[in-house]
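Asks: Quick note: the sequence shown uses the numbering used here, first residue 80, plus one each step.
To be clear, the hints were calculated from the coordinates, so they are not data collected in a lab. All C-beta atoms, glycine included, are put in the ideal place defined by N, C-alpha and C. Hints are not guaranteed to be accurate.
To be verified - Ranges between beta-carbon positions, derived for each pair:
(1) Thr88 with Gln171: 24 to 30 angstroms
(2) Asp211 with Ala423: 44 to 50 angstroms
(3) Gly89 with Val279: 23 to 29 angstroms
(4) Arg186 with Gly288: 49 to 55 angstroms
As the list claims (entries may be wrong) - Below, computed lysine to any residue pairings styled on SDA-like, alpha-carbon distance capped at 25 angstroms:
(5) Lys336 with Thr304
(6) Lys336 with Gly375
(7) Lys336 with Val293
(8) Lys336 with Asp314
(9) Lys336 with Arg419
(10) Lys336 with Thr93
(11) Lys336 with Thr294
(12) Lys336 with Met366
(13) Lys336 with Ala243
(14) Lys336 with Pro217
(15) Lys336 with Thr421
(16) Lys336 with Asp292
(17) Lys336 with Ser101
(18) Lys336 with Val192
(19) Lys336 with Arg269
(20) Lys336 with Thr283
(21) Lys336 with Asp368
(22) Lys336 with Glu410
(23) Lys336 with Leu291
(24) Lys336 with His321
(25) Lys336 with Gly377
(26) Lys336 with Glu282
(27) Lys336 with Arg208
(28) Lys336 with Val234
(29) Lys336 with Asp281
(30) Lys336 with Gly263
(31) Lys336 with Tyr362
(32) Lys336 with Glu271
(33) Lys336 with Ala274
(34) Lys336 with Thr219
(35) Lys336 with Thr417
(36) Lys336 with Ser264
(37) Lys336 with Ala353
(38) Lys336 with Leu367
(39) Lys336 with Asp166
(40) Lys336 with Ser349
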Amino acid sequence: MAPESFGRTGGGETVTRYTLRSAHLLVQILDYGGIVARIDAPDRTGSRANVVLGARDLAGYAASDAHFGAIIGRYANRIGQGRFALDGHVYQLSQNEGRNSMHGGARGFDRHVWRVEAAEDSRLVLTLRSPDGEQGFPGTLDLRVTYSLDDDTLVIDYAARTDAPTILNLTNHSYFNLAGEGTGSVLDHRVEIDADSVLVVDETQVPTGTLLDVTDTPFDFRNPTALGARIRSPDGQLALAHGYDHTYVLRSGDGLKRVARATDPSSGRSLEIATTQPGLQLYTANMLDGTVTGSGGGLYRSGDAVCFEAQGFPDAPNHPHFPSTVLRPGEDFAARTTYRFTVAP
80 MAPESFGRTG GGETVTRYTL RSAHLLVQIL DYGGIVARID APDRTGSRAN
130 VVLGARDLAG YAASDAHFGA IIGRYANRIG QGRFALDGHV YQLSQNEGRN
180 SMHGGARGFD RHVWRVEAAE DSRLVLTLRS PDGEQGFPGT LDLRVTYSLD
230 DDTLVIDYAA RTDAPTILNL TNHSYFNLAG EGTGSVLDHR VEIDADSVLV
280 VDETQVPTGT LLDVTDTPFD FRNPTALGAR IRSPDGQLAL AHGYDHTYVL
330 RSGDGLKRVA RATDPSSGRS LEIATTQPGL QLYTANMLDG TVTGSGGGLY
380 RSGDAVCFEA QGFPDAPNHP HFPSTVLRPG EDFAARTTYR FTVAP
């Protein structure tokens, strides 16, 4: 572990980059937003490349709304109208995407410098205290996120406690291109997702509360399918999001379960995702428009990466039949997501 300075925030806080290593992977993480800035993984010839998108410097991360590689919270994804009720109280949140609250509001957890509790060769522990009322959310929340490497796997463990009833939905927003950062479109990646339905969204991409059976739709990835095979299909849901940006309802089951896989046919790199979370957001980087300069110096465009955001359901506080995202005093929130990098023959 060799910490390196990564600049200062506009408020004067020092930002540090940490490097984790295993026999198989090299991962670089910032204490700003807990950003996964780099993952080096080998291809079928043993050649290593960075397989996540990111910014060139701290100013690039701070200026972008892409949330490259960051920890997202207090509530990942959207809350309709930025409003929810809990225990008879109505809370109004920061509305940073039209009238909705998106990824925790205008200053979510990705905009904070986290405290480093432990830094080791293959493990980094970050903590953050989110005060009562931050971005409109109730309760003071104490968070701990642990990144660790286990040979070919990046493990992310989330833990949190609150002093008052609140809502919580955490994820990591890494953008993957298994051919290598800056190599262009990932629409030839073959993707498999173990889910039979997705959440239907309205014109603002907030769930309506309805589930869509993926059978005979462009959302069916139960068998390995090229990401771009049906992305241009004349489907109303795809049109709303300009591609895939939908929550897959994962099959129920206790503990850590494998939920998705992506493979790049050119390099042979394969990514397997496992999680304890109930949902998985599939996002094809639809809002990248060629104006963001990436870590390798090139410009990022729609379809240049794919995100697999393991999380609770968006807008769950406003849909009682969704899995609850309420956290109460005395309860321990815990979730785990793993990203395993292998090579296909």
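Asks: Each hint needs a verdict: does it hold in this structure or not?
Replies: Each hint tested on the structure:
1. At about 27 angstroms, the beta-carbon gap between Thr88 and Gln171 stays in the expected band of 24 to 30 angstroms.
2. Distance hint for Asp211 and Ala423: a CB-CB separation of about 48 angstroms, consistent with the stated range 44 to 50 angstroms.
3. Checked against the hint of 23 to 29 angstroms, the pair Gly89 and Val279 fails, with Cβ atoms roughly 39 angstroms apart.
4. With their beta carbons about 29 angstroms apart, Arg186 and Gly288 fall outside the hinted range of 49 to 55 angstroms.
5. Proposed proximity of Lys336 and Thr304 is supported: the alpha carbons are some 21 angstroms apart, at most 25 angstroms.
6. This hinted pair does not check out: Lys336 and Gly375 have alpha carbons roughly 34 angstroms apart, beyond 25 angstroms.
7. Of the pairs offered as hints, the one joining Lys336 and Val293 holds, with about 20 angstroms between alpha carbons and a cut-off of 25 angstroms not exceeded.
8. Proximity of Lys336 to Asp314 is assessed by CA-CA distance (about 30 angstroms); at most 25 angstroms being required, the pair is judged violated.
9. About 13 angstroms separates the Cα atoms of Lys336 and Arg419, which keeps this hinted pair within 25 angstroms; it holds.
10. Between Lys336 and Thr93 the CA atoms are separated by roughly 37 angstroms; this puts the pair beyond 25 angstroms, and the hint is violated.
11. Of the pairs offered as hints, the one joining Lys336 and Thr294 holds, with about 22 angstroms between alpha carbons and a cut-off of 25 angstroms not exceeded.
12. Straight-line distance between C-alpha atoms of Lys336 and Met366 comes to about 30 angstroms, which puts the hinted pair past the 25 angstroms bound.
13. Annotation: proposed proximity of Lys336 to Ala243 is violated, straight-line Cα distance about 31 angstroms (limit 25 angstroms).
14. Distance hint between Lys336 and Pro217 is unfulfilled; the C-alpha atoms sit about 31 angstroms from each other, more than 25 angstroms.
15. Taking the CA atoms of Lys336 and Thr421, the gap is about 17 angstroms. The hint holds against a cut of 25 angstroms.
16. For the suggested pair Lys336 and Asp292, the alpha carbons sit about 21 angstroms apart, so the restraint of at most 25 angstroms is met.
17. Between Lys336 and Ser101 the CA atoms are separated by roughly 23 angstroms; this keeps the pair inside 25 angstroms, and the hint holds.
18. Only pairs whose Cα atoms come within 25 angstroms are accepted, and Lys336 paired with Val192 is rejected, the gap being roughly 31 angstroms.
19. At most 25 angstroms may separate the alpha-carbon atoms for a hinted pair to count; Lys336 and Arg269 meet this at roughly 20 angstroms.
20. For the hint linking Lys336 to Thr283, the alpha-carbon distance of about 31 angstroms lies beyond 25 angstroms, and the restraint is violated.
21. In summary, the hint linking Lys336 to Asp368 is not supported, as the alpha carbons are separated by about 34 angstroms, beyond the 25 angstroms threshold.
22. For the hint linking Lys336 to Glu410, the alpha-carbon distance of about 23 angstroms falls within 25 angstroms, and the restraint holds.
23. Of the pairs offered as hints, the one joining Lys336 and Leu291 holds, with about 22 angstroms between alpha carbons and a cut-off of 25 angstroms not exceeded.
24. Distance hint between Lys336 and His321 is unfulfilled; the C-alpha atoms sit about 29 angstroms from each other, more than 25 angstroms.
25. A distance of roughly 36 angstroms separates the Cα atoms of Lys336 and Gly377; the hinted pair therefore is violated under the 25 angstroms criterion.
26. Proposed proximity of Lys336 and Glu282 is contradicted: the alpha carbons are some 32 angstroms apart, above 25 angstroms.
27. Restraint check for Lys336 and Arg208: not satisfied, since their Cα atoms lie roughly 29 angstroms apart, outside the 25 angstroms limit.
28. As the CA atoms of Lys336 and Val234 are separated by approximately 13 angstroms, the hinted pair is consistent with the 25 angstroms bound.
29. Distance hint between Lys336 and Asp281 is unfulfilled; the C-alpha atoms sit about 29 angstroms from each other, more than 25 angstroms.
30. Among the hinted pairs, Lys336 with Gly263 is inconsistent with the structure: their alpha-carbon atoms are about 30 angstroms apart, more than 25 angstroms.
31. Distance restraint check for Lys336 and Tyr362: the Cα-Cα separation of roughly 20 angstroms lies within the 25 angstroms cut-off, and the hinted pair is therefore satisfied.
32. Proximity of Lys336 to Glu271 is assessed by CA-CA distance (about 14 angstroms); at most 25 angstroms being required, the pair is judged to hold.
33. Annotation: proposed proximity of Lys336 to Ala274 holds, straight-line Cα distance about 12 angstroms (limit 25 angstroms).
34. For the hint pairing Lys336 with Thr219, the CA-to-CA distance comes to about 31 angstroms; that exceeds 25 angstroms, so the pair is violated.
35. Of the pairs offered as hints, the one joining Lys336 and Thr417 holds, with about 10 angstroms between alpha carbons and a cut-off of 25 angstroms not exceeded.
36. Annotation: proposed proximity of Lys336 to Ser264 is violated, straight-line Cα distance about 28 angstroms (limit 25 angstroms).
37. Restraint check for Lys336 and Ala353: satisfied, since their Cα atoms lie roughly 5 angstroms apart, inside the 25 angstroms limit.
38. With a CA separation close to 31 angstroms, the supplied pair Lys336 and Leu367 exceeds the 25 angstroms bound.
39. Distance check on the hinted pair: Lys336 and Asp166 sit about 32 angstroms apart at the alpha-carbon level, beyond 25 angstroms; violated.
40. Annotation: proposed proximity of Lys336 to Ser349 holds, straight-line Cα distance about 17 angstroms (limit 25 angstroms).
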